[in-house]
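Novice: Single-letter residue listing:
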Amino acid sequence: MKNFGDLIILGIESSCDETAAAVLKASRGGFKILASVVSSQIATHRRYGGVVPEVAARMHVENIVPVLGETMETAGVDFKDINLIAATRGPGLVTSLLVGLETAKNLAYFLRKPIVGVNHVVGHLLVSLTNQKEAKFPAMALVVSGGHTQLVLVRKIGDYEIIGETLDDAAGECFDKVAKILNLGYPGGPVVAAEAEKYPISNIQYPIRLPRPMLDQKNYNFSFSGLKTAVLYNFQKQKPAVQKDKHYIRAMCHEAQQAIVNVLVGKTLRAARDYGAETVILAGGVAANKALRETLAARLQEELPRVKYLQPSIVHCTDNAVMIAVAGYYQFMKNKKGDDIFNMEVDPNLRVS
Amino acid sequence: MLMISKNEKETKDFAKKFAKSLNGGEVILLSGNLGAGKTVFVKGLAEGLGVKDIVNSPTFVLMKVYKIGQKRLEIRPPQMWGRQKNINNLIHIDAYRVGGYEDLKNIGFEDFAGREDCVVVVEWGEKIKSKILKSEDKTFFINLKVNRLNSRLIKIIRK
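As given, the protein sequences belong to chains A and B, one line each in that order.
If you read the first sequence in the numbering used here, its first letter stands for residue 1461, the second for the next number, and so on.
If you read the second sequence in the numbering used here, its first letter stands for residue 8, the second for the next number, and so on.
Hints were generated in silico from the structure; no laboratory data involved.
Misleading hints may appear alongside valid ones.
Cβ-to-Cβ under 7 Å is the rule here; a few derived chain B residues that face chain A [to be verified]:
#1 L41
#2 S64
#3 T66
#4 G115
Label-pair distances were calculated between CB atoms; the ranges are [said to hold, decoys possible]:
#5 B:K136 <-> A:Q1592: 46 to 56 Å
#6 B:D118 <-> A:S1500: 21 to 31 Å
#7 A:Q1703 <-> B:K138: 43 to 53 Å
#8 A:Q1703 <-> B:M8: 30 to 40 Å
#9 B:K138 <-> A:I1801: 35 to 45 Å
#10 B:I163 <-> A:G1490: 50 to 60 Å
#11 A:G1529 <-> B:N93: 39 to 49 Å
#12 A:Q1696 <-> B:I163: 16 to 26 Å
Everything numeric in this text was worked out from a predicted model, so none of it was measured.
Backbone N, C-alpha and C define an ideal beta-carbon position, used for all residues, glycine too.
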């Protein structure tokens, strides 16, 4: 077997909307991304895609081969050069997960390569390690996306515990629904963030104050559905002229984003402090939100200056296969053994702990 | 059937009681705008059926399958058929991001709908109302509407 310091890893991800593949080279010096392809960004998808991403399993079935082909071509490697295959096992939508995992299993079988089944959430929280050499543990990770909002204690790589999560809506979902209420576009996160940015600080025409749900409670859980309802009630109370007024929309977006960010940052800092974290990791699709990145970094610097802060590069925040390859690497290196292909199943309810 | 819920707890309690009347094989279509309390209703329904996990919104993942209780013997003697309740799974679907019935079919809706050991609940169910098989006593349409003083009007139609 090759020197384990140098592994070429093929990552495959299809847990929800995206069909993604990536080739990563892992060596003693760190990770090098040779290719990363995500279906929503290539022409094939654009033919079918509209504003709302298609999620039917048949789209993954149609996407997987072109995505894999483009990935291998961009990476400039042959299938025979792959040393390890890493694929998402869960959590997610069962029909989507099956496409990625079964494809990976077949590849592993025919190429006679080891394969590991990876947790999608673990992928998110480890992806920042591609642009940072190391993190000090224990770390507190905030994984926040359209489908997930969790605080995960990382005692060390491979040892995770969920210490808090959303009891209803995920933060990313909250952004989307606020955008929907205000009749803005999809996806909601970027639109709300863009409108919020146009909002001047001193606009007394629309003083809006939204709740910061659960911020003061002692636990590490989240709840965003109340925030959504607060936005809805406020919107419904306004006259039609106000509902269409861009100043109102900007004020509302600004306040909604502020409320979401305040809660996420507040709880994360408290968790980091309470658990003595050496590092705070931001992860997931919502990690691309500028206000969240800046606020978390600033407050950490101010309140926990000794704690290191890791955030993914913008392009790695949303679902991708680089994160699966990274997580797969660490998982494989634990025992230097792949999973048993004939005993690998998807698990739509897979949890990190 | 019509009821007025003054808050989240009342919606949940009502759904919990409603769950006790289910026998398995039911498909429940929930309709109501953003914030009407559809997921809150499902939380109550889940609790009433015995789901122990946190029930949160499946808007992004589209479908979640919650297992209930212990594994039981599949084989029951004929005299037990129809008399014993054996709901092992709650399938919670959110059609908010879904285009239409075909999308739900592709994610396995028909594998679960009507199955004796499952209860299927679909938020934004009005999207597939015209396409599903309607059974006299197994299909429910439940509508939640934001009412005065932020209460909710909950309407249950059996079809």
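Novice: Each of the hints needs a verdict: does it hold here or not?
Specialist: Here is how each hint holds up against the structure:
no.: 1; hint: L41; in the structure: holds, 6 Å
no.: 2; hint: S64; in the structure: holds, 5 Å
no.: 3; hint: T66; in the structure: holds, 5 Å
no.: 4; hint: G115; in the structure: holds, 6 Å
no.: 5; hint: B:K136 <-> A:Q1592: 46 to 56 Å; in the structure: holds, 50 Å
no.: 6; hint: B:D118 <-> A:S1500: 21 to 31 Å; in the structure: holds, 27 Å
no.: 7; hint: A:Q1703 <-> B:K138: 43 to 53 Å; in the structure: violated, 33 Å
no.: 8; hint: A:Q1703 <-> B:M8: 30 to 40 Å; in the structure: holds, 34 Å
no.: 9; hint: B:K138 <-> A:I1801: 35 to 45 Å; in the structure: holds, 38 Å
no.: 10; hint: B:I163 <-> A:G1490: 50 to 60 Å; in the structure: holds, 59 Å
no.: 11; hint: A:G1529 <-> B:N93: 39 to 49 Å; in the structure: holds, 47 Å
no.: 12; hint: A:Q1696 <-> B:I163: 16 to 26 Å; in the structure: holds, 25 Å
Hint violations for this structure: number 7 only, all remaining hints satisfied.
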